[in-house]
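Protein chains in written order, with the working numbering: chain L, 1 to 572; chain Z, 1001 to 1572.
Be aware that a few hints might be false.
Said to hold, decoys possible - With a Cα cut of at most 20 Å, we get these calculated DMTMM-like pairs of lysine to aspartate or glutamate:
hint, chain 1, residue 1, chain 2, residue 2
1, L, Lys51, Z, Glu1068
2, L, Lys5, Z, Glu1121
3, L, Lys521, Z, Glu1121
4, Z, Lys1521, L, Glu62
5, Z, Lys1005, L, Asp168
6, L, Lys175, L, Asp98
7, Z, Lys1016, L, Glu121
If you're looking for bench data, these hints aren't it; they were derived computationally from the structure.
Since the structure is predicted, the reported quantities are computational estimates derived from the model, not experimental observations.
Number of protein chains: 2
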Amino acid sequence: MRQNKMILPTLREVPKEAEITSHRLMLRAGLIRQLASGIYTYLPLGLRVLKKAEQIVREEMERAGAQELLFSALQPAELWHQTGRWDDYGPELVRLHDRHDRDFVLGPTHEEVITTLVKQEVSSYKKLPINLFQIQTKYRDERRPRFGVMRAREFVMKDAYSFHTSWDDLDVTYKAMYEAYNNIFTRLGLFFRPVEANAGAIGGEGENHEFMAMAEVGEDTIAVCSHCEYAANLEKAEAAGHEAAGLQPSEEIAATEKLHTQDIKTIDQLVESLSLEASRFLKTIVYLADGEPVVAVVRGDHDVNETKLKDLVAATTLELANDTTIERTLNAPVGFIGPVGLTGVKIIVDREAAQVTAGITGANERDYHITNVVIGRDYTPDQVADIRNVIEGDRCPNCAEGSLEFHRGIECGHIFKLGTKYSAKIGATYLDENQKSQEMIMGCYGIGISRCLAAIIEQNNDESGIIWPIAVAPFHVHVIPVNVKDAEQVAIAENLYRRLQAQGIDVLLDDRDERPGVKFKDSDLIGLPLRITVGKRASEGIVEFKVRKTGESVELSVEKAFEEVTGLVLGQ
Amino acid sequence: MRQNKMILPTLREVPKEAEITSHRLMLRAGLIRQLASGIYTYLPLGLRVLKKAEQIVREEMERAGAQELLFSALQPAELWHQTGRWDDYGPELVRLHDRHDRDFVLGPTHEEVITTLVKQEVSSYKKLPINLFQIQTKYRDERRPRFGVMRAREFVMKDAYSFHTSWDDLDVTYKAMYEAYNNIFTRLGLFFRPVEANAGAIGGEGENHEFMAMAEVGEDTIAVCSHCEYAANLEKAEAAGHEAAGLQPSEEIAATEKLHTQDIKTIDQLVESLSLEASRFLKTIVYLADGEPVVAVVRGDHDVNETKLKDLVAATTLELANDTTIERTLNAPVGFIGPVGLTGVKIIVDREAAQVTAGITGANERDYHITNVVIGRDYTPDQVADIRNVIEGDRCPNCAEGSLEFHRGIECGHIFKLGTKYSAKIGATYLDENQKSQEMIMGCYGIGISRCLAAIIEQNNDESGIIWPIAVAPFHVHVIPVNVKDAEQVAIAENLYRRLQAQGIDVLLDDRDERPGVKFKDSDLIGLPLRITVGKRASEGIVEFKVRKTGESVELSVEKAFEEVTGLVLGQ
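Looking at chain L on its own, in the form it has when it is part of the complex (with noise of 0.2 Å):
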């Protein structure tokens, strides 16, 4: 393509707005442009990584046997009315009606509508199973849309939905997604892991793994073992059963005692006020389950982990009671309660903090806290379980040898056992041998792709720009004529650019009437894998070679520089 006329608006300016590299590098070197808030044009060059890359994902779903097909984004409600999705999925939902007041959705996800497709046309299980995805516009209206196409509203994702006749059957599929997905990040050039994650709004019963792209910007802390390959979402990390550190039989402990603790609150001030350990406190916290008070208690140097405790309450959500609901409920006034004498309210208990022998914790009166609280003689469970979110250097849940460490990720792509989840609400059966009806087992996986285009930004980048993989470039090889005045420099590139092209290589070339300190600072931001600069020695017939990763150039023969090329392309 020829740069001059192309829509590639590249910026000096670090545009405000952009928090992050990958953002900033998108805008500033001409691949997309905001629209509004989470809503962005892709342009050219922009459109082409886009595209490569969904080509990528098209060639490793449909060697992996997977189906393309393409849903519409309305969706209607009844649908979602079914599965109860309508009332459970919020405000992320883009909701809107017709002009015969029926309700749509914009699709975030397409488990309904595929789900209802195949209870309509599979009803035998010699059909199944079936693995079928498309690459499509999704929308999720999110309350703070940023990082560029990182977190947009309107985004472009692959998602897949297979269907079984069991689980076993689910498993071979969802092994073979999870081979495709390493294939697929692999092929996009992202530094990556697979962790095991918690299946969210989507749901479903059985085991999940989320694709995440390391990057210290990613919105997803990851807990990584030190030692063997266990790696897990925060939201799902298992805390390792610990042994209590001396564990005194209950007798031997003191009553509780009163202690004045004016105006102090927090954990915090108490370590200071008091000089103990953080581990020593019974950290209270009032959640309201689907509308219903749960006190949760953990060590006071962990944090409530809201997914397990939601999982475990089996709530559809689960939020932190505010100040009013917390006094009108428990009678107890904010910042001093505690699980002591706390009566018609659900408690739940860490298993770490049920290990505390002589815990300090809120007394329920104002400037009281009380301390020596025996868990059993001083107050009663109603469940003791994991609701806490790990730490680094937590023991690993898996090995006996490693602890935790924390990375940030971006998530790239998530797969799924759904299980039933979605064929029961919505009738999808089969017959199976016996001519007996049997809902269908389902998996899905899904993949951001336009989110993979940021990923690989933040990974493959310097302080000049991006630094492309050979596999998404917009274009192999950058062909910089240096003085398009020059008539034998220009005939070198144009030659060049034709004969590149005609390999099957794609090319931009530079023709644009620009000094050369803006042709080489513009080039370096965008980013190609490799260049071929036409300069001063285009008489002798010798350009510079250079690739962009390792900053390496050399001067070649216009015929080598062409070898150069078309072998790292095409041998790739």
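Knowing the structure of chain L, use the given hints to seat chain Z on it.
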């Protein structure tokens, strides 16, 4: 692809909801399924055709120098307020609001968005002209979605927009697009005609053409000259100026006379009751143009062309006045309206109605008409103009010799000279050679890609099913082992399947364990251009090679059949 596990649900029964051939065949051949009124899922077979059509459009657009980008479907309402289309577009515009109550539309076209982008990114004449296109999902909340993907609410379009420094420069791109469209529709295998057309809701100041796929089920009527190249949409087709037959000086006509016409309100009734030619009558229709009453007078054998009338009075909306409005405004009974004696309302008379020498028209009094009506003597028009639809047999407005014939067409493409309609409102200007700010001149160019699929099928089918042109066929060849329990047949079919695919040929292998009759019926219905049947003579190395379009079939050696297919497909 292997048919056994493919979602390719053919239907024997003709779906009741489908009124036209292409809709019936798209459902029966398993190309699409309806999700909601006007909203469709593309099953794997349908998606393959859609993608091939998209690729043809992409290639021809790029060859004509256009650059591909991708906008969002969501567009902020502010942009639509800026051009006034928020108010003008009416209920077909899909509107919604986000969680912060900001208004958005789901784009039916992208003039506002692209003009805003170009305004931001292009400032100098040096960067013009540019032509930008996208292939994207569009939305239109049709009052009556029908005919499957032909008139859908969510559909795939290619839309392109070009920006220029002059009308002459726009001309060059317009011609290039005209040419590209000819190439595209030819490659898609369509029998089509470019016709002069009206700009509709897109608007614009200059010429525009529709590309019509000829088909009896088409929703548009095209007037075509029997002699010259003239072809125009009925909305647009000009009535040739007629010589008045036997025009007499008005003095010679006797004075008007009142006729008692009890309960006779329509032209047909009048013609019958008075035994006079319909062309003697002055049909008088009352409209509201932007809310103001306008009276249109045409000959009794003609109809008002509302588009011409609307353009003539420069109204944004034009609708028939209802009875109450008519009687209140004109103080005359519906069915007996006429131009004589009407006051306080604009009267527009068609050119040929103005040439009626002694007309008959309503007397503005119940059960009375008047005769011997003479224009200028008995009533005074505000304007005489071409405001009627042409009729079959009308003289061609372009040449002296031909007369107009009517045909039906499906609007598959539309190209417009927009001028400055959008650039002026959005403020898309550039600096010319003299550093003077000028408004950009625009063109826009659309193709309804999903609609083209319906048009292709409408033109390419027989009683057994679809007959795909090779260029857009979902697969080039159908390989059918008649009996999948016969190892020899299967071996030959599998071998052909692999070898043909290796040549880049798209092969569908019917590996289903079905009766031969079912396989052949499905094969004819799906309508791939070529078929190789591996049957009884497999042991001799003989297969049947069949061309879907001609129905010709020959027995050939496996090798010869392989060569026939590769020759026909790759030689294309």
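Here's how the hints hold up against the structure:
| no. | hint | verdict |
| --- | --- | --- |
| 1 | L:Lys51 x Z:Glu1068 | 11 Å, holds |
| 2 | L:Lys5 x Z:Glu1121 | 12 Å, holds |
| 3 | L:Lys521 x Z:Glu1121 | 19 Å, holds |
| 4 | Z:Lys1521 x L:Glu62 | 28 Å, violated |
| 5 | Z:Lys1005 x L:Asp168 | 19 Å, holds |
| 6 | L:Lys175 x L:Asp98 | 41 Å, violated |
| 7 | Z:Lys1016 x L:Glu121 | 18 Å, holds |
The structure fails hints 4, 6 (numbered hints given earlier, in ascending order).
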